[in-house]
Amino acid sequence: MNYRNVLSILGIVLFAEGILLSIPLLISVIMHDDCILAFGVTALSAIVIGLALSFARKKTSDLTAKDGFIICGLSWIILSLFGALPFFISGHVSSFTDALFETVSGFTTTGSSVISDVEALTKSLLFWRSFTHWIGGMGVLVFILAVLPLSQSRTMHLMKAEVPGPKVGKLVSKLRFTAQILYAIYIVLTIVEVILLLVGGMPFFDAVVNSFATAGTGGFAIKNASIAAYNSAYVDGVITVFMILFGINFNLYYLLLMRDIKSVLKNRELHVYLGIIVLATAIIAADIYSTYSSVADALRYSSFQVASIITTTGFATADFNQWSNFSKTILVVLMFIGSCAGSTGGGIKVSRIMILIRNSMREIKRMIMPRAVMSVKIDGKPIDNDTISGAHSYLCIYLLIFCASVIILSADCFDLTTNFTSVAACLNNIGPGLSMVGPTGNYAAFSDISKIVLIFDMLAGRLEIFPILMLFNLSAWKK
Amino acid sequence: MNIVIIGQGKVGSTLTEYLINESHDITVIDINVKTIETITNTYDVMGFTGNGASYKVQVEAGVGKADLVIASTPTDEVNILCCLLAKKIGAKHTIARVRNPEYSNQLYFLRGDLGLSMIINPELDAATEMFKLISFPSALKLDAFSRGRVELAEIKIDNDSALDGQILSQLYKKYNLKILVCVVERENDVFIPGGDFVLKKGDKIYITASHAALSQFFKAIKNYQHKLKKVMIVGGGRIGYYLAGLLSASSIEVKIIEQDEKRCLELSDLLPKCTVICGDGTDQTVLNEEGLNETDAIVSLTGIDEENMVISMYAQHRGLKKVITKINRQSFVGMLNTVGLESIISPKIISANRVLGYIRAMTNSESSSLKTMYKLVDGRVEALEFEISENSEVIGIPLRDLRIKKGILIGCIIRRGQILFPGGNDTIEKYDSVIVITNNKGLTEITDIITK
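Going line by line, the protein sequences match chains A and B.
Numbered according to my numbering, the first sequence spans residues 143 to 621.
Numbered according to my numbering, the second sequence spans residues 643 to 1094.
Please keep in mind that the hints were generated in silico from the structure rather than gathered at the bench.
Keep in mind that the hints are not guaranteed to be accurate.
[Said to hold, decoys possible] Facing chain B, a subset of chain A residues (Cβ under 7 Å, in silico):
1. K312
2. S315
3. K316
4. L317
5. D526
Virtual Cβ for every residue (Gly too), placed ideally from N, Cα, C.
Construct the complete structure from the given sequences, taking the supplied hints into account.
So, in structure tokens, the structure goes:
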């Protein structure tokens, strides 16, 4: 492994975080709250250490795929460690594990919280919490690729390690422009949402942080009652639509910009994704109709909850913990499906599930006709065997991590629903689960060991397991 | 510039590597998934898998918006079809690799109708390069500017050479010849020398001069070799065929050794003046029996790099005047220099450099147009020829007043057919051809040489 290059890129990541931390620092200064010192110290140390590390770079050496994974895994860990400092130093979160949990939950766009009274936090901390969603949504390395001209040709490995989905491609031939286009789309969609929320009468600060949380499909709310606190059908509607939009593969927006509407309309993953949302909304609406007694209300709450869970955002407008077991089960299933590949959402991803199902269908057909030759196709294009076996091994490791996490969590002696859904919510980057960790509950009650396991799950879920797993592989660290 | 490269074989991938270093936007198409995967992982390019000659694939790869499409698949016909289609879809320029000798002649005739901007034939390019070396054996490498008016020759300073320890300014005075040493390669360093530079044995130097001055210079330093009369070619492939044709046309005796009997028959039909021997060129007894000792030069052109190396090393050992080796894998070249093989030809590099020169010249500016470009010393130095237009900024200013960037040397000026080695008082005039030697890469116009 090329330690100096890895260190230098980590330095750049840290430097970028220091710069980004100056925004909440500014807010803190304006609001005169007690977090000036916390943000100041963190931002300054991130910038200084980052700059120092970034000089470690050797001129002539390339990045391998392995370096890409290691850099990706380490950057996210370093980001989270530094990102947690403001919570801890300011004293608003007393234990460092809790601060780290909150920050990892932010960067990985999970939205699980250990803070029971969110409204007691200062505005600067609330901003930073939601801002981590926005940064983590599109990815830090993608951000760095967009801003800095990293002159190495092989930086594609960085992008591949960070962007979710079974297969990562570019939009245009230059990686830097690809990253810039992705961020441009991301920024524009976020601004549109802020404007629409302002139109609905939401205060400016709330509109911005809620938009950040939606854009990253994160789900940190700044009210204890989440989005329900605004009690407005308009706000619910806007956020529902934008959650769904941010769960769509960003490549499709680029195709729309290129006026290639035909390819967008023909995209199978989009069909399946929207199909699942419509179907799940209809089923849940029918099921909860008796509780809300009006079709409009049933649709409003079911569509919001379905969008929130499938895009792995995790906002809540209703306490779905009180819904029937049938509706709850459907929501849990949606947790695992997740959003589209190449979006800001988490989960297993619709396209990966499509590949797995179609491959299984092929195997069944093969049992009937052993000599038949068939290829697995998506959008009319054959999927190569490497991608298919990649999807299978992903699912296998995903399930192993899931089981192991549930077993470790069960040592805390909470009920199975709590344990099962909290791991599901963290590994899929959703946020709230059911029972004790439902929309009104939080993760504060878990032991430190359980919290560390969940931190690992959140990182593994956001980075699609392999970059984090690679850090535990000793042979990857050899030169 | 937006460039699409179809086919990622030897020439295609070399071009991708070169063009990405010149920061163009590159899209590559290849039929092989694995090839595309490797290329997209290694270089910052966009990759598409599929048949490059199909309309669907070309449209998807954005050929319509491309400034240039280069077709370098293994098949000539496919390449021509790729370019025809690309032109129709809207590509501005197209370059096709066509290497079948039966097509290459008629293609120059058809070029206009097919809309091809350029045809590359790596085998013919390589053969031409080898021909130049054989017809001027004193130099390790020879390039020409301004339609042959100025030559750029590479020579090595041997242990007992008169050049060892010479100061350049004194050297010019001593021989009173119009020559200029413009690049010196010493071990791993490259210098663009000034007048006080001292040459050492083991240096490789590049000299610009007219053909006549160059011959006189070689005679003066007793490095002149007379014209070679007998050449042995091992391997009767396409390069061998082209080379034998060129050599026998300038009445050099050629003997081709080829293993395949059928190919031997073909060659003897096509090249009536040459002797074709059917035998294994890697076998010493065959080489000796066919008169290796009486031969002036050997060119090893088999399809396997290792065999070529062994044949050349054997010939070198037997003391032939000129040994030329064809190598495909670039990583071997450095190794070959250490065993004393100096004239090494790599067809893909030659073709890639030609295309690169063409692409540089496509971006013609108002002040000058780039005529020729050569890459020297593994591409670390470039030699460029600019033709100055009427309204260039540099016209009429004495060279000492032009703020010329570091690492740039004005090699010579060709004014109305006369070669001029300029001093500080000389000026550049309109319609001059100016030869610039530089280690700043990416120069596209004459104004790039001055600091702004």
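Taking the hints in turn, this is what the structure says about them:
Taking 7 Å as the C-beta contact cut-off toward chain B, the hint placing A:K312 at the interface holds, the least distance being around 5 Å. Below 7 Å, beta-carbon pairs count as interface contacts, and A:S315 has one with chain B at about 4 Å; its hint therefore holds. For A:K316, the suggested interface contact is upheld, since its CB lies about 6 Å from the closest CB of chain B, less than 7 Å. Hint on A:L317 holds. Least Cβ distance to chain B is approximately 5 Å, under the 7 Å limit.
This hint holds: A:D526 has a C-beta 6 Å from the nearest C-beta of chain B, less than the 7 Å allowed.
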